[in-house]
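So the protein lines, in turn, are chains A and B. Residue numbers for the first sequence follow the numbering used here, beginning at 141 and rising by one. Residue numbers for the second sequence follow the numbering used here, beginning at 141 and rising by one.
Any copy will do: because identical chains look the same in the list, a pair fits if it lies in one copy or spans two.
In the SDA-like style, the derived pairs of lysine to any residue whose C-alpha atoms are separated by at most 25 Å in a straight line are: (1) K184 - V144; (2) K451 - V188; (3) K491 - R439; (4) K230 - R348; (5) K264 - G254; (6) K451 - D187; (7) K230 - T361; (8) K391 - H190; (9) K391 - R348; (10) K245 - G183; (11) K184 - V467.
These are computed hints drawn from the structure, not numbers from a lab. None of the values given here were measured: they were computed from a predicted structure.
As a plain string of letters, each chain reads:
There are 2 protein chains.
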Amino acid sequence: MSRVYNFSAGPAALPLDVLQAAQKDLIDYKGCGMSVMEMSHRGKDYDVIHQEAIATFKELCGLNDDWSVCFIQGGGSMQFAMIPMNFLTKDGSADYINAGAWSSKAVKQAQMFGNVNVVANCQKDIPTRMPEKDECKWTQGALYSHICTNETISGAQLKEIPETGSPLFADMSSDILSCERDYSKFSMFYAGAQKNLGPSGMAVVAIRKELAEKGAATIPTMLQYRTYVDEDSLHNTPPTWAIYIFGETMKWVKRMGKENLFKLNDEKAQKIYNVIDASGFYRGTAKKEFRSNMNITWRLPSEELETLFVKQAAEAGMKSLKGHRSVGGIRASIYNAFPMEGVDALVDFMKEFEKKNG
Amino acid sequence: MSRVYNFSAGPAALPLDVLQAAQKDLIDYKGCGMSVMEMSHRGKDYDVIHQEAIATFKELCGLNDDWSVCFIQGGGSMQFAMIPMNFLTKDGSADYINAGAWSSKAVKQAQMFGNVNVVANCQKDIPTRMPEKDECKWTQGALYSHICTNETISGAQLKEIPETGSPLFADMSSDILSCERDYSKFSMFYAGAQKNLGPSGMAVVAIRKELAEKGAATIPTMLQYRTYVDEDSLHNTPPTWAIYIFGETMKWVKRMGKENLFKLNDEKAQKIYNVIDASGFYRGTAKKEFRSNMNITWRLPSEELETLFVKQAAEAGMKSLKGHRSVGGIRASIYNAFPMEGVDALVDFMKEFEKKNG
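Next up, chain A with everything else stripped away, as it sits in the complex (with noise of 0.2 Å):
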């Protein structure tokens, strides 16, 4: 076996623990006979996978009995349009952050069912940031907010969680569980799977039970959220393989300690961003106070020494290093699952690309 260093943004390196106990049991899960991708999702077996993943998350989350955890299809795209579908009405209005590729695609989405004040809009700036305190107009008798807390794109992170005023909604698809956050300031919180939770194919969404309820009635029955709070996302047939991997990787954020994994995740970034600092080659894409801890994102002075270095490292042994096709440089994804010997390895390579081109 020769496993790379996967700088993904998503879907992205996942522990090599978890992995290894999916393969062993891919054909024969703890001696029932038969793959978790087969097992019927009313039987007892896989109902024990399904429930132990949403406790788990909760556990670590801190989430008491106010909340639900639901598995929903479509990813963090899909709750672009079910948040507004649920919960804007035509006469109210939302609050959002436009900080960036993925704050916009929220704000486009809700902007189809009503009317979506964009209270900081920072999605092109160079240096990438996210909003100042001060810099966002909160609107009084907002119906919600909404804010993206890491641009997966541009590798900026709120640092802080605003006080909104009204009931806040957060996409964390790219730093769910990698940073210490108090979850229970939000209404509703929500993550593509595919980055800190485990594979593509659902997003793991957290909504206190009583918002669930006051969401629309009439919209189409996948689409409502209390569907999947009153039926425990089973209303149809889950994701199933996704939930258990979920599940597994959960039980290892938790072995391994999750104040451990928020420290190593500092230390992880702070290596890179060491790098660029000392470095007049190395340029970081972030604003200082606003650096993503998940997404390290930076430029060469070239886009040629751009792709050089993007295909040395891949030689190297050090994959998936190219910015978004939509902004370019370059791009380190660094999720909870990232190990640190790979942040050495790229540390040592930035190094050695920076004495022979720099």
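Model the placement of chain B on the given structure of chain A, informed by the hints.
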């Protein structure tokens, strides 16, 4: 390894070949140095998986370039809503056959969007059945007509595809690629993957490109068919693992030879129906001419005996024979990947059980 015979209605048995290959490659897919679950959906390695899956399915269904094959999250249930959302206008109408639990769900979602003509209703008939040809009152000028070719719960299957006079849409979740069908008769057909195609977590949707372009353009991006057609199901992160297993399953169908599989499916079903017909003890649920080759449903003289049957079968390594909770009885789901040996084991068990309890 001790694999059981898994009669689950879905998620259901997958080809052992496919599972073994997935197991072997789980941590390091063909020397890429990572799991398929960890691959960027924009990378070259994943792209081969994605394109091969589509090409193999198109070849098996005999679809030309007028068709697009899309991977849409949410299973068949999401399609029940997406179809009318895209194609049913307030001033038009659509024809639906209601022949069981699944077509009934499709009708309900469609009624949220416009006028639905239920052209035949045998949803609650016992013995279960599909409508007769002359029973269906197709509407001239309907925007489209919708059928479910196989009702997984009732065990009734449409043997002949009707001429409806309007674009024909079909839910083929439980019998796609299991028997000879002329797929060119349809404007669109779809299947939740977790029965004949792969793991749960998506519907495979075959749609004429021209039709997708006619869909409403005012609905959320993730709920428009053109998003999937125009961006090759890569607008956002697709369920990559499910697509991979789907692709491998399609290659397995090709290796087996689909005509060969269709013949085996007939033989497998016939063996069980023969035991039922030769017995005064077992009573088939579906009318003979509409008996499903995929979901064989029958009753025993009492619910107590049914419970005992399911229990003793499970002890003998035959799992998930319990009928759907809404109707009771026994159900043996024997999709493409279900092996003949499992049918033989069931047939022996049925005869033995009748001797002891008949």
